[in-house]
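Student: The residues making up each chain are set out below.
Number of protein chains: 2
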Amino acid sequence: MNGLIYMDYAATTPLDPRVKEAMEPFLSDAFGNPNSIHFYGRQARKAVDESREMIAHILGCRPGEMIFTSGGTESDNLALRGVAGARKHRGRHIVSSTIEHHAVLHTLEALREEGFEVTLVPVDEDGLVDPEQVADAVREDTILVSIMHANNEIGTIQPIAEIAKLVKEKKTDVLVHTDAVQTVGHLPVRVDQLNVDLLSLSAHKFYGPKGVGALYVRQGTRLVPQLTGGGQEKNRRSGTENVAGIVGMAHALRLSTQEMEQENRRLAALRDRLIDGILGQVPDSRLNGHRTQRLAHNANFSFLGVEGEALLLQLDLHGICASSGSACTSGSLDPSHVLLALGLSREWAIGSLRLTLGRSNDDQQVDQVVKIVPQIVQRLRELTPEAVRLGFS
Amino acid sequence: MNGLIYMDYAATTPLDPRVKEAMEPFLSDAFGNPNSIHFYGRQARKAVDESREMIAHILGCRPGEMIFTSGGTESDNLALRGVAGARKHRGRHIVSSTIEHHAVLHTLEALREEGFEVTLVPVDEDGLVDPEQVADAVREDTILVSIMHANNEIGTIQPIAEIAKLVKEKKTDVLVHTDAVQTVGHLPVRVDQLNVDLLSLSAHKFYGPKGVGALYVRQGTRLVPQLTGGGQEKNRRSGTENVAGIVGMAHALRLSTQEMEQENRRLAALRDRLIDGILGQVPDSRLNGHRTQRLAHNANFSFLGVEGEALLLQLDLHGICASSGSACTSGSLDPSHVLLALGLSREWAIGSLRLTLGRSNDDQQVDQVVKIVPQIVQRLRELTPEAVRLGFS
Chain A
1 MNGLIYMDYA
11 ATTPLDPRVK
21 EAMEPFLSDA
31 FGNPNSIHFY
41 GRQARKAVDE
51 SREMIAHILG
61 CRPGEMIFTS
71 GGTESDNLAL
81 RGVAGARKHR
91 GRHIVSSTIE
101 HHAVLHTLEA
111 LREEGFEVTL
121 VPVDEDGLVD
131 PEQVADAVRE
141 DTILVSIMHA
151 NNEIGTIQPI
161 AEIAKLVKEK
171 KTDVLVHTDA
181 VQTVGHLPVR
191 VDQLNVDLLS
201 LSAHKFYGPK
211 GVGALYVRQG
221 TRLVPQLTGG
231 GQEKNRRSGT
241 ENVAGIVGMA
251 HALRLSTQEM
261 EQENRRLAAL
271 RDRLIDGILG
281 QVPDSRLNGH
291 RTQRLAHNAN
301 FSFLGVEGEA
311 LLLQLDLHGI
321 CASSGSACTS
331 GSLDPSHVLL
341 ALGLSREWAI
351 GSLRLTLGRS
361 NDDQQVDQVV
371 KIVPQIVQRL
381 RELTPEAVRL
391 GFS
Chain R
1 MNGLIYMDYA
11 ATTPLDPRVK
21 EAMEPFLSDA
31 FGNPNSIHFY
41 GRQARKAVDE
51 SREMIAHILG
61 CRPGEMIFTS
71 GGTESDNLAL
81 RGVAGARKHR
91 GRHIVSSTIE
101 HHAVLHTLEA
111 LREEGFEVTL
121 VPVDEDGLVD
131 PEQVADAVRE
141 DTILVSIMHA
151 NNEIGTIQPI
161 AEIAKLVKEK
171 KTDVLVHTDA
181 VQTVGHLPVR
191 VDQLNVDLLS
201 LSAHKFYGPK
211 GVGALYVRQG
221 TRLVPQLTGG
231 GQEKNRRSGT
241 ENVAGIVGMA
251 HALRLSTQEM
261 EQENRRLAAL
271 RDRLIDGILG
281 QVPDSRLNGH
291 RTQRLAHNAN
301 FSFLGVEGEA
311 LLLQLDLHGI
321 CASSGSACTS
331 GSLDPSHVLL
341 ALGLSREWAI
351 GSLRLTLGRS
361 NDDQQVDQVV
371 KIVPQIVQRL
381 RELTPEAVRL
391 GFS
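For the record, the sequence lines run as chains A and R.
Quick note: the first sequence, position 357, residue 357 per the numbering used here, numbers continuous.
Quick note: the second sequence, position 29, residue 29 per the numbering used here, numbers continuous.
So here's chain A without its partners, still in its complex pose:
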């Protein structure tokens, strides 16, 4: 890792070398198109089938219930647009939350323009969705509820099983989707236990390759395909299968799952050391997200009177790779919609720092970050006009 400290694992993870090794044959001799019936085609088909079985086994579903996609965004789009298209004659109301990933929120926005109605349930100050509130939002014409499993910015884990239970008690035939992009490979996600009908995942969030993901769709669930063509994935997602990517995703999930318990213990300890260290040393700082009901590798802070982007640039100069929120919207100067949804004021929300831990991090790196962040925050507060205005000079 060339001396840099990478604490942006929620944005993306490096490819596990063991996963890369599993992909190797499919980037060289085993290059067939799984739709060909000859030797190379069958070899590729076998790899895709075995990967599907491996993933389905881990997630507690049937192989035929997994649709391979190009990543989390496509999975979310397929879930939302696919269900909306298939069920628009039953109703046009969708329930979601204010802190969803943009792959969900912007897709709901697009569906709104097509005549769907969307209710966004708010969250409490820790970013928790209240299952009762979700169920209360379900109406006669509700066709779908989509609540993320864990938030990508603040790491808060939602009570999805409870949400699904209450929603279905309220109205049996409402479908429940969860964007589990941040939890698959990090928590023991099982669709049977969560009782969801659709679940999105993305390989590059758990040491797999970029450009590949999947959508679990409960058997019998109608879905309008969003990519039409050769009829792959049982006509639900056309396009030649990304064989190497799919194989990589399966192996990455297998390895992450095997090592999850031990790694999460290690990461949670690092995370707490990071949280305690930073909150203890930076005045006017706060932790965003739930203190305990959060991903083992996520820490998200706000520093009053600091501009998040400036903080990131300074950290980068010190060899620390971090994020202000979601990688997808970095470069934007708007405060995070997630932090605003927690009730943070603009002043607090713009001063955010997300540190997400992973396999390369250790105590030493955490201590280094705990040493440097307070120094940079102090310097920025001394320098920036806003800080002056707010009285931190």
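Hints should not be assumed to be uniformly reliable.
Put simply, identical chains are the same to the list, so a pair is met inside one copy or across any two.
Computed cross-link-like contacts, EDC-like style, restricted to lysine to aspartate or glutamate with a CA-CA straight-line distance of at most 16 Å [as the list claims (entries may be wrong)]:
1. K171 / D141
2. K171 / D136
3. K170 / D141
4. K168 / E140
5. K88 / E113
6. K88 / E114
The hints are simulated quantities; they were obtained by calculation from the structure and are not laboratory data.
Put chain R on the given structure of chain A with help from the hints.
Tutor: Showing chain R alone in chain A's frame:
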């Protein structure tokens, strides 16, 4: 190639080892998310930008006019659905041809269900679209014309520049899309010379990786995004960029383009040896597609009284990897829609064999195929009841 003869290059190509090498860093240390602003993010962003410039340079467009996708199917879907969505208030008529890839035909089918009207222009017995007929099909309410550059089954190359010229003379503001999945990397495709507004390509058709493609969209062309989320690709295609795949696609295109002229000369000679050999030795056989205006690597035959699938299985037993038509629909027993569109009877259409050549093929392999195919065809004709019925026993 373990003794097998691979002649299914139109279905997919092996990854060029030089391309794999170019991808390597992005499958290991250079793993960043291009949307992160730290060192790893900037490193990945630079790789994506440079790839975009490389591809744009080769295709004769600006880097900002390339949208990276997950492959040819997504590119076709984005072109058709994106334009249809953006222009539906101007008109709802689309012109295409009867021999398009299913990624176009099935997408047009879906658009039909949404209220669009589609005119499919027929082709002549060689599979050629008549530019005049396309222009004639353009009406006041036509918003888009989509004609493939070369057909994936029969290899016939369409006069796209002429089609675009006539279409735009008929109606200035009609957009022209071409599915160039079979030609990019195989012919000197330049969007400025073709004068198209949208063009689809797929990396795994020119020795690049599976799971990545692109859509050229002329500057100023409105397009409704089909994947919404983090706003990547200038808000036209959200989702974390498949960095390794994009880098691979650029290098594969660069290498294929450099070696194109020489390789095409070599392949055309092999192709002609194959065509002459097989037509010369198999009675009641025919070449499908135009004799000269065809891809250098494509040969497509029909053998009367033979069932294509049975032929493929026999060839596979003899170590020859081929296709009956498109890989995407193999397994289907329906005769190819392309062959039917040429005017072939069902009897001729079901007995098709597509042999598509590439880097691993040589004279010896061609001679081997020319030796084996006639034997198998003869045996099948002797064995199958249909052949008996048709009088070939």
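Student: None of the hints should be skipped; say for each whether it holds.
Tutor: Outcome of the hint check:
no. : hint        : verdict
1   : K171 / D141 : within (10 Å within a copy, 44 Å between copies)
2   : K171 / D136 : within (10 Å within a copy, 54 Å between copies)
3   : K170 / D141 : within (12 Å within a copy, 47 Å between copies)
4   : K168 / E140 : within (12 Å within a copy, 50 Å between copies)
5   : K88 / E113  : both (14 Å within a copy, 14 Å between copies)
6   : K88 / E114  : both (10 Å within a copy, 13 Å between copies)
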